[in-house]
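A.B. asks: The chain contents come next:
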Amino acid sequence: MAESRLKVISSGPLVSYQDTGRFGMMRFGVPASGPMDRLGYAAALAALGFERGNTTIEVSMGGVALQCESGEISFSIAGGGFQVRHAGALAPSWCVRTLRSGETLVVRSGLWGSWAYIAFAGDLDCSTWAGHTATHAASNMGGGLIKSGDVVKVRNAQVMETREGELPIPEFARSRPVAHVVLGPQSEYFQLDAIDAFSESVFSVSASFDRMGMQLVGPGLQLKNALSIPSEPLVRGSVQVSGNGVASVLLSDHQTTGGYPKIATLISSDIDALAQLRPSERIRFKTVSAEDAIRLVRLNMHSRQKYLQSIALPRMTLDQRLMSENLISGAV
Amino acid sequence: MTVWPRFTPVADHALLVSFADSISDEASEAVIALDRALALNPPLGYAECVPALINLLIDFDPLLTDHSQICTHVTDLLKRCNTDKKVGQSYEVEICYEDEFAPDLSAVSLATGLSVEAVIDMHFNGAYQVRMYGFAPGFAYMSGVPNAIQVPRKPVALRDIPAGSVIIAAQQCLVTTLNMPTGWSIIGRSPTQIFMPNSSTPFLFEVGDTVRFKRIDRAHYKRHSKAVALG
Numbered sequence: 002m003a004e005s006r007l008k009v010i011s012s013g014p015l016v017s018y019q020d021t022g023r024f025g026m027m028r029f030g031v032p033a034s035g036p037m038d039r040l041g042y043a044a045a046l047a048a049l050g051f052e053r054g055n056t057t058i059e060v061s062m063g064g065v066a067l068q069c070e071s072g073e074i075s076f077s078i079a080g081g082g083f084q085v086r087h088a089g090a091l092a093p094s095w096c097v098r099t100l101r102s103g104e105t106l107v108v109r110s111g112l113w114g115s116w117a118y119i120a121f122a123g124d125l126d127c128s129t130w131a132g133h134t135a136t137h138a139a140s141n142m143g144g145g146l147i148k149s150g151d152v153v154k155v156r157n158a159q160v161m162e163t164r165e166g167e168l169p170i171p172e173f174a175r176s177r178p179v180a181h182v183v184l185g186p187q188s189e190y191f192q193l194d195a196i197d198a199f200s201e202s203v204f205s206v207s208a209s210f211d212r213m214g215m216q217l218v219g220p221g222l223q224l225k226n227a228l229s230i231p232s233e234p235l236v237r238g239s240v241q242v243s244g245n246g247v248a249s250v251l252l253s254d255h256q257t258t259g260g261y262p263k264i265a266t267l268i269s270s271d272i273d274a275l276a277q278l279r280p281s282e283r284i285r286f287k288t289v290s291a292e293d294a295i296r297l298v299r300l301n302m303h304s305r306q307k308y309l310q311s312i313a314l315p316r317m318t319l320d321q322r323l324m325s326e327n328l329i330s331g332a333v
Numbered sequence: 003m004t005v006w007p008r009f010t011p012v013a014d015h016a017l018l019v020s021f022a023d024s025i026s027d028e029a030s031e032a033v034i035a036l037d038r039a040l041a042l043n044p045p046l047g048y049a050e051c052v053p054a055l056i057n058l059l060i061d062f063d064p065l066l067t068d069h070s071q072i073c074t075h076v077t078d079l080l081k082r083c084n085t086d087k088k089v090g091q092s093y094e095v096e097i098c099y100e101d102e103f104a105p106d107l108s109a110v111s112l113a114t115g116l117s118v119e120a121v122i123d124m125h126f127n128g129a130y131q132v133r134m135y136g137f138a139p140g141f142a143y144m145s146g147v148p149n150a151i152q153v154p155r156k157p158v159a160l161r162d163i164p165a166g167s168v169i170i171a172a173q174q175c176l177v178t179t180l181n182m183p184t185g186w187s188i189i190g191r192s193p194t195q196i197f198m199p200n201s202s203t204p205f206l207f208e209v210g211d212t213v214r215f216k217r218i219d220r221a222h223y224k225r226h227s228k229a230v231a232l233g
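Respectively, the protein sequence lines represent chains A and B. Using our numbering, read the first sequence as starting at 2 and increasing by one per residue. Using our numbering, read the second sequence as starting at 3 and increasing by one per residue.
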């Protein structure tokens with residue numbers, strides 16, 4: 002089968018290989034890792050007709066520039082509103098195209114968003130750890146970080162002309178200034194007015210934002226009797242408050258336990274949009290009950306599923322569609 | 003008054019089951035017993051479980067189940083849960099306490115008023131149990147540091163502490179598995195492989211396993227760590 006080789010002309014920090022993530026190992030101190038924006042990742046795969054699981058390149062705001070050295074291969078991009086240049090010309094932020102020998106693909110931060118996903122119509126050749134290519138950035142285990150000068154190899158490279166085109170960006174995939182949370186599980190370690198301040202204030206994203214988490218700027222959240230609470234489990238979406246009252250939202254590469262109290266936890270379907278925020282952008286937390294959280298997540302997951310199914314259908318150009326209809330009618 | 007165990011919802015997809023609000027052997031035994039019961043008898047929609055010092059987090063698929071169904075399942079398990087003190091596997095971990103691997107041993111000796119030899123003696127004669135993993139892949143928190151040699155965390159963490167370092171803080175001890183920063187006291191180095199990244203079972207311990215330390219000299223350490231590097 003054909004192989005395609007892509008030279009990495011330049012790569013910013015935190016550009017990495019990511020698959021779905023390695024679930025089930027938090028008990029050994031290993032977070033799932035995987036995409037910061039799971040919806041963007043799933044959209045990039047669906048657009049090529051893949052089920053969840055394939056490896057993608059996660060592009061940070063640092064951007065990436067690839068040049069196809071050999072072979073030809075279709076690719077998709079989704080997640081964030083990045084600036085995409087293909088073969089020297091501007092392409093839509095979310096699209097499916099085919100990269101041919103000698104052509105370049107340059108993905109840089111655009112109007113909005115912090116993470117984009119490039120999926121290829123083939124198998125990315127990178128190392129796995131514990132069955133997954135998802136990169137845990139701090140230890141560089143998994144597929145690993147992508148550096149300038151690397152060569153990205155894709156085996157079984159295919160061209161999927163019928164899938165080429167622009168992809169619709171659903172409203173729910175965009176970064177937004179509100180995220181739903183359920184209070185706790187350690188809200189008893191906060192002064193009452195800290196809980197009020199958390200749910201009523203507007204926070205902004207600080208520059209301390211990486212795959213482990215996002216530190217926020219906002220009112221100080223005073224702790225209560227929390228100097229030495231035992232380390233407790235953490236999840237993706239935990240809002241942890243350090244001793245000096247600063248809140249952080251933990252993300253894909255989060256530590257699995259921690260001794261700082263958690264004031265609230267984001268509902269799972271709102272984490273992707275939060276992760277797409279950029280430093281200095283605003284965020285407010287809306288508290289909901291655990292029952293409402295489940296209701297909201299089920300609704301959101303249903304909309305996502307419908308969207309992913311719609312972009313998973315081959316798109317065909319109008320010409321091709323007319324042509325196939327003519328062929329059918331001509332045969333009668 | 004809090005009624006134990008306490009069930010706390012975590013967003014839409016997890017339930018935290020707590021047995022106490024401070025560390026104790028009883029709380030840890032309850033966590034380990036429930037962890038084992040869940041492994042044998044997982045509820046519908048179960049994803050994974052994270053045992054910690056005083057509580058255990060059950061992660062589930064919110065499309066298949068919800069907090070109250072998990073809560074019912076756990077309550078039922080706890081009624082039937084075997085709370086005998088039967089622990090897991092037992093392992094031996096080798097430690098070399100010589101100077102080049104133990105930069106904080108003299109500070110621990112100074113803080114506790116014991117000689118360096120007495121600190122080493124008490125440390126490797128302790129009976130340890132894995133209570134939780136955390137911080138980084140394979141960092142197994144063990145309880146069991148004897149009272150007389152317990153020291154608090156250092157005020158500032160040191161960066162890039164080599165993998166295999168044996169570190170202590172309060173009643174806890176762990177053997178690091180990756181080069182990471184730490185504010186704990188570094189008192190030795192182990193050649194024992196407790197994290198094997200390329201194995202299908204990368205982690206030596208399960209939470210609940212017991213550990214004994216064996217003191218080795220520098221020559222043994224060098225031979226053993228070399229054998230590991232080659233193998």
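Careful, some of the hints might be misleading.
What the hints assert, rightly or not - If you anchor each label on the Cβ, the simulated ranges turn out as follows:
1. B:A120 <-> A:E201: 48 to 58 angstroms
2. A:H303 <-> B:L160: 48 to 58 angstroms
3. B:L80 <-> A:R296: 44 to 54 angstroms
4. B:M198 <-> A:D293: 36 to 46 angstroms
5. A:G246 <-> B:S117: 38 to 48 angstroms
6. B:L160 <-> A:Q223: 51 to 61 angstroms
7. A:R86 <-> B:H222: 51 to 61 angstroms
8. A:R177 <-> B:R225: 53 to 63 angstroms
9. B:P183 <-> A:Q68: 34 to 44 angstroms
10. A:G111 <-> B:L112: 54 to 64 angstroms
11. A:R296 <-> B:T74: 16 to 26 angstroms
12. B:P199 <-> A:D126: 15 to 25 angstroms
13. A:R101 <-> B:T74: 54 to 64 angstroms
14. B:A150 <-> A:Q223: 28 to 38 angstroms
In case anyone wonders, no lab produced these hints; they're calculated from the structure. Cβ atoms here follow ideal geometry from the backbone N, Cα and C, with glycine treated the same way.
A.B. asks: It remains to establish, for every hint, whether it holds in the given structure.
C.D. replies: Results of checking the hints against the structure:
1. B:A120 <-> A:E201: 48 to 58 angstroms: Taking Cβ atoms as reference, A120 of chain B and E201 of chain A lie about 56 angstroms apart, which means the hint holds.
2. A:H303 <-> B:L160: 48 to 58 angstroms: 50 angstroms, holds
3. B:L80 <-> A:R296: 44 to 54 angstroms: 28 angstroms, violated
4. B:M198 <-> A:D293: 36 to 46 angstroms: Roughly 44 angstroms apart at Cβ, these two residues keep to the hinted range, so it holds.
5. A:G246 <-> B:S117: 38 to 48 angstroms: Check passed, 43 angstroms falls within 38 to 48 angstroms.
6. B:L160 <-> A:Q223: 51 to 61 angstroms: About 30 angstroms separates the Cβ atoms of L160 of chain B and Q223 of chain A, which means 51 to 61 angstroms is violated.
7. A:R86 <-> B:H222: 51 to 61 angstroms: 59 angstroms, holds
8. A:R177 <-> B:R225: 53 to 63 angstroms: Cβ of R177 of chain A to Cβ of R225 of chain B: about 59 angstroms, so the range 53 to 63 angstroms holds.
9. B:P183 <-> A:Q68: 34 to 44 angstroms: At roughly 38 angstroms between Cβ atoms, Q68 of chain A and P183 of chain B fall inside 34 to 44 angstroms, so the hint holds.
10. A:G111 <-> B:L112: 54 to 64 angstroms: 58 angstroms, holds
11. A:R296 <-> B:T74: 16 to 26 angstroms: 19 angstroms, holds
12. B:P199 <-> A:D126: 15 to 25 angstroms: 19 angstroms, holds
13. A:R101 <-> B:T74: 54 to 64 angstroms: At 58 angstroms between Cβs, range holds.
14. B:A150 <-> A:Q223: 28 to 38 angstroms: Since A150 of chain B and Q223 of chain A have Cβ atoms about 37 angstroms apart, the given range 28 to 38 angstroms holds.
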